[in-house]
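The listed protein sequences correspond, in order, to chains A and B. The letter at position 87 of the first sequence is residue 87 when you use the numbering used here, and the numbering goes up by one with no holes. The letter at position 21 of the second sequence is residue 1021 when you use the numbering used here, and the numbering goes up by one with no holes.
Just so you know, these hints were derived from the structure itself, not from any lab. Some hints could be false.
To be verified - Simulated DEER-style distance windows between Cβ atoms: (1) B/Ser1084 with A/Gln17: 20 to 30 Å; (2) A/Gly16 with B/Pro1079: 24 to 34 Å; (3) B/Val1011 with A/Thr5: 28 to 38 Å; (4) A/His67 with B/Lys1113: 40 to 50 Å; (5) A/Glu51 with B/Lys1071: 32 to 42 Å; (6) B/Asp1054 with A/His67: 34 to 44 Å; (7) B/Ser1026 with A/Leu39: 18 to 28 Å; (8) B/Arg1077 with A/Arg63: 16 to 26 Å; (9) A/Pro70 with B/Val1011: 26 to 36 Å; (10) A/Asn77 with B/Gly1099: 35 to 45 Å; (11) A/Arg63 with B/Leu1013: 34 to 44 Å; (12) A/Leu115 with B/Val1011: 32 to 42 Å.
Unchecked claim - In silico lysine-lysine, DSS-like type, Cα no more than 30 Å apart, as pairs: (13) B/Lys1078 with B/Lys1058; (14) A/Lys26 with B/Lys1049; (15) B/Lys1113 with B/Lys1058; (16) B/Lys1061 with B/Lys1071; (17) B/Lys1058 with B/Lys1071; (18) B/Lys1069 with B/Lys1113; (19) A/Lys26 with B/Lys1058; (20) B/Lys1049 with B/Lys1078; (21) A/Lys26 with B/Lys1061.
A quick note: this is a predicted structure, and the numbers were derived from the prediction, not measured. All C-beta atoms in this analysis are idealised placements derived from N, C-alpha and C, irrespective of residue type, glycine included.
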Amino acid sequence: DAGVTQSPTHLIKTRGQQVTLRCSPKSGHDTVSWYQQALGQGPQFIFQYYEEEERQRGNFPDRFSGHQFPNYSSELNVNALLLGDSALYLCASSFWGAQGNNEQFFGPGTRLTVL
Amino acid sequence: AQSVSQHNHHVILSEAASLELGCNYSYGGTVNLFWYVQYPGQHLQLLLKYFSGDPLVKGIKGFEAEFIKSKFSFNLRKPSVQWSDTAEYFCAVMLPAAGNKLTFGGGTRVLVKP
């Protein structure tokens, strides 16, 4: 049973560019959440997708957008990259039916470096 | 908005010592509480969780945590640490009424010297 997978593992971009990160949830899960973990800090919630719609959003600008596909996989897009966007981007999957009372399973993350 | 505080940023201790990591949160309603661990080079893994019931929760690898509602705390403990417990530990809160969003503390880096 595959856990949460993310691609790519590492990515280097320059300021102003755009990036797309990908996530496949754990088998049986239908909800994907994205988090940003800056160096030396705890993860911060970006947004959550269920049934191909954004259900919740954290305090991130519109440059951060996402998408969920019918197979529950998800993408995180960041436009107009800033140096401050350099971080580890974590994807977590869960089951919507256990809303508020379930565990999120995390992937290994994508390390984004913006130069 | 809710917040989570982990007061110790770095902890260094020797093998067999006892470990206690503090976690406080700032929400007065019903909360679900979690401790996650991130071993070097690995992804976040759940150590233990509290949803309801017995406030003393036992997790994997000999860890336990106690939920004290009156103190808004959920401290993590392990009676005797091993070198393999070297990792970063994160406390997190979820508000069931507000969906599945996790709010994390800043983390505590634990170094266990052999």
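Hints and how they fare:
Judged by the Cβ atoms, the range 20 to 30 Å given for B/Ser1084 and A/Gln17 is violated: they are separated by roughly 40 Å. At about 52 Å, the beta-carbon gap between A/Gly16 and B/Pro1079 misses the expected band of 24 to 34 Å. The hinted range of 28 to 38 Å is satisfied by B/Val1011 and A/Thr5, whose Cβ atoms lie roughly 32 Å apart. A hinted range of 40 to 50 Å for the beta carbons of A/His67 and B/Lys1113 is consistent with their spacing of about 46 Å.
Take A/Glu51 and B/Lys1071: their Cβ atoms lie about 39 Å apart, and the range 32 to 42 Å holds. Between B/Asp1054 and A/His67, the C-beta spacing of about 41 Å keeps the proposed range 34 to 44 Å intact. For the pair B/Ser1026 and A/Leu39, the supplied restraint of 18 to 28 Å holds, since their beta-carbon distance comes to about 24 Å. Hint check: B/Arg1077 to A/Arg63, Cβ distance near 41 Å, so the stated range 16 to 26 Å is violated.
Taken as a hint, the range 26 to 36 Å is violated for the pair A/Pro70 and B/Val1011, whose Cβ atoms sit roughly 45 Å apart. Look at A/Asn77 against B/Gly1099: about 22 Å separates their beta carbons, and that is not inside 35 to 45 Å. For A/Arg63 and B/Leu1013, the Cβ-Cβ distance of about 42 Å falls inside the hinted range of 34 to 44 Å, so the restraint holds. Taking 32 to 42 Å as the suggested C-beta distance range, the pair A/Leu115 and B/Val1011 conforms, at roughly 34 Å.
For the hint pairing B/Lys1078 with B/Lys1058, the CA-to-CA distance comes to about 10 Å; that is within 30 Å, so the pair holds. Straight-line distance between C-alpha atoms of A/Lys26 and B/Lys1049 comes to about 19 Å, which keeps the hinted pair within the 30 Å bound. Straight-line distance between C-alpha atoms of B/Lys1113 and B/Lys1058 comes to about 24 Å, which keeps the hinted pair within the 30 Å bound. Taken as a hint, the B/Lys1061 and B/Lys1071 pair is honoured in the structure, with Cα atoms around 26 Å apart against an allowance of 30 Å.
Proximity of B/Lys1058 to B/Lys1071 is assessed by CA-CA distance (about 20 Å); at most 30 Å being required, the pair is judged to hold. Among the hinted pairs, B/Lys1069 with B/Lys1113 is inconsistent with the structure: their alpha-carbon atoms are about 33 Å apart, more than 30 Å. In summary, the hint linking A/Lys26 to B/Lys1058 is supported, as the alpha carbons are separated by about 24 Å, within the 30 Å threshold. Restraint check for B/Lys1049 and B/Lys1078: satisfied, since their Cα atoms lie roughly 15 Å apart, inside the 30 Å limit.
Our distance criterion of 30 Å between C-alpha atoms is met by A/Lys26 and B/Lys1061, whose separation comes to about 23 Å.
Consistency note: the structure conflicts with the earlier hints numbered 1, 2, 8, 9, 10 and 18.
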